[in-house]
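Which chain is which? The protein sequence lines are L and X, in order.
Taking full-length UniProt numbering, I'd label the letters of the first sequence as residues 1 to 586.
Taking full-length UniProt numbering, I'd label the letters of the second sequence as residues 1 to 171.
What the hints contain is simulated information worked out from the structure, not anything from laboratory work.
Keep in mind it's a predicted model, so treat the numbers as computed, not measured.
Please note: incorrect hints may appear among the correct ones.
[To be verified] For the chain X half of the interface with chain L, some residues (derived, Cβ under 8 Å), not all of them:
id, residue
1, 26
2, 29
3, 60
4, 64
5, 74
6, 75
7, 84
[Unchecked claim] A few chain L residues that face chain X, going by a derived Cβ cut-off under 7 Å, partial list only:
id, residue
8, 113
9, 117
10, 120
11, 309
Using N, Cα and C, we set each Cβ at its ideal position, and we do this for glycine too.
This is what each chain is made of:
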Amino acid sequence: MLREMTGAEMVMQALIDQGVEHMFGYPGGAVLPIYDAMFHQNQVKHILVRHEQGAVHMAEGYARSSGKVGVVLVTSGPGATNAVTGLTDALLDSIPLVCITGQVPTHLIGSDAFQECDTVGITRPCTKHNYLVRDINDLARVMHEAFYVAQNGRPGPVVVDIPKDVQFARGTYVGPENIQHRTYQPRLKGDPEKIRTAVEMLAKAKRPILYTGGGVINSGPEASRLLREFARLSGYPVTSTLMGLGAFPASDKQWLGMLGMHGTYEANMAMHDCDVMVCIGARFDDRITGRVDAFSPNSKKIHIDIDPSSINKNIKVDLPIIGDVKHVLEDILTVWRGMKAEPDRQALASWWGQIDRWRARKSLSFKTSDRIIKPQQAIKALYDQVKDKDVYITTEVGQHQMWAAQHFHFEEPNRWMTSGGLGTMGYGLPAAIGAQVAHPDSLVIDIAGEASIQMCLQEMSTALQFNLPVKIFVLNNEYMGMVRQWQDLLHGGRYSHSYSESLPDFVKLAEAYGGVGIRCSNPADLDGAIHEMISVNRPVLFDCLVDKMENCLPMIPSGKPHNEMILPDNAEALDEAIDEEGKMLV
Amino acid sequence: MPPVNEPAERHTLSMLVDNEPGVLARIVGLFSGRGYNIDSLTVSEVSHASHLSRITVVTTGAPPIIEQIKSQLDRLVPVHRVVDLTVVGKAVERELALIKVRGKGEIRQEALLIADSFRARTVDTTLESFVFEITGKPEKVDQFVSLLEPLGLVEVSRTGVAAIGRGPDGM
């Protein structure tokens, strides 16, 4: 399809040809031609945000809940710099985005023009790839390439910076069918020899564990299905990182819960004591490993990852398999069946016996109260009321995020969106809005804290404008809770600037935006108030006043191995847990 | 990083990249952003028709770090191929240097003798100075420069290492 058109029209045409239905953006001088081209079509719907950071997080929530590429459109200068946090977030969590930024006209580049910044320079380390399009004849190709790069291989954000004169220039449009990337051809199929070795190692395992991550979700729903199939076939226990929750159903008896710093005792102990570990689409992040030289000391490690640079980055593995999770799991299942492999039933039974003894420690237990709402109780109450609904959960970052990961349970992939790698406060509300755009009839809840929610709260206005009935469930403990918890741990309880001073009246604030505000402080009223929240078909800000001093447990103190977890029943050990070396870590 | 007990080694990495704006910044930024060393760096277009440049980086690190550098480079979109020439086999490595010395009388004689024994060429001469051009392995250039140090060394300009694998096959 070859057609003459302006650069701005090419951008819109490329979006349409890439199947884009929604984009998130904010106009400004350097993108006005694209906004004008948008005005002349109605295939791509534009969601007007209130801050560019919100646009990127919305695109992330949209992408993660739908499996599509999220699209962002912002102007030059501050538009682009405001997008940087979201782009970095998407890079660390491997979320496919295409972010189009306006740029000053080419003849002004480098002259410190109004709203000029070196967008490709600034975004180079926080994108998977970026482009500055100086020539109208490159524009259509670059647009299609951007979509290709964003979603193939390990997904990530791609920036396309387009000077204003290029948006006005006329050129010939080429469709996506004519574009093939010259060099970027990631490997999808794993090495058959290595897959055979992996199956042999797995079949001989006496204490196996499947350690799964966000790569399973990114690989698509089929990867989750294959993971379930392999788990059923082998009877092996499954744990997951924060990013991978939902790939394996939490109701399954083979599910050990999340692992890592605030993971369950059974998941972490099983990681420590296993003899064969299969890391599937995860990256041995420091929240997972604890002290690296004491990480799972006696296991053979198999690592399945589409990104070769993840191999041996943090932890040395015995058998790396480069490939897409779906393809590799498919091949593992075929080889397993072909070899008529059988797990060592006797060894497995005693391994499960050991795991059950760890489970009996009930590491997620907490004391309930009839006087004050415990944050864990609030999540549980929320979960009980919405678990049978078509629900998507996002979070901000901090204690509430960990409590949500621990006490809200997921049965399906793409239902849980949280800022895992970058840990971006302010992520949850815009991500929820993005998820709601992708799933207008579903229940979308942002589990938040009173500090985090204030970082992108202006997007309430976006939710109202586009009739997106997101629910914001704020666990309000009047502290930046995780900061306060670490000040307890490391700094003698000196709460330097972690108290949420001068909080707004969240109920009035919600009403000021045109939404619904609900406050609850009495455990007896909690169920009724949650019911009220989910019954309203409008944006709701739920101010849930919870215990101010609750700590998030269990916890692997920084600098400690998996088998030195602090459990709720020995929480006082937390005060002494971190040594000088551990204090240096984050 | 995994606990690295192995000693640091010097490796020469060669890569073919798209010759497009920003590609060098991307590579240099990767090294600085991830805390890797660059001992030397050379860049030049090698195929005008296919817009390809070749970048040669000499870096130092323990073997797992070198492996990590290689895979980090390899996943950059405009990087076509990365080869660790040090692992592949003894590569041919050459560097060119221009060296200016200043002096009169005996010192001047001595500098000329040393240049001659290193097969350096004299590319500029005045009554009180020389500019020598030398090509060779980096160690040879190091040695030449250090010998000229007491003989009125003024300044040195080095290209950094260009390298290519031995035998009939290309990278």
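For each hint, the structure was consulted:
no.	hint	verdict
1	26	holds, 6 Å
2	29	holds, 6 Å
3	60	violated, 18 Å
4	64	holds, 6 Å
5	74	holds, 7 Å
6	75	holds, 5 Å
7	84	violated, 14 Å
8	113	violated, 19 Å
9	117	violated, 15 Å
10	120	holds, 6 Å
11	309	holds, 4 Å
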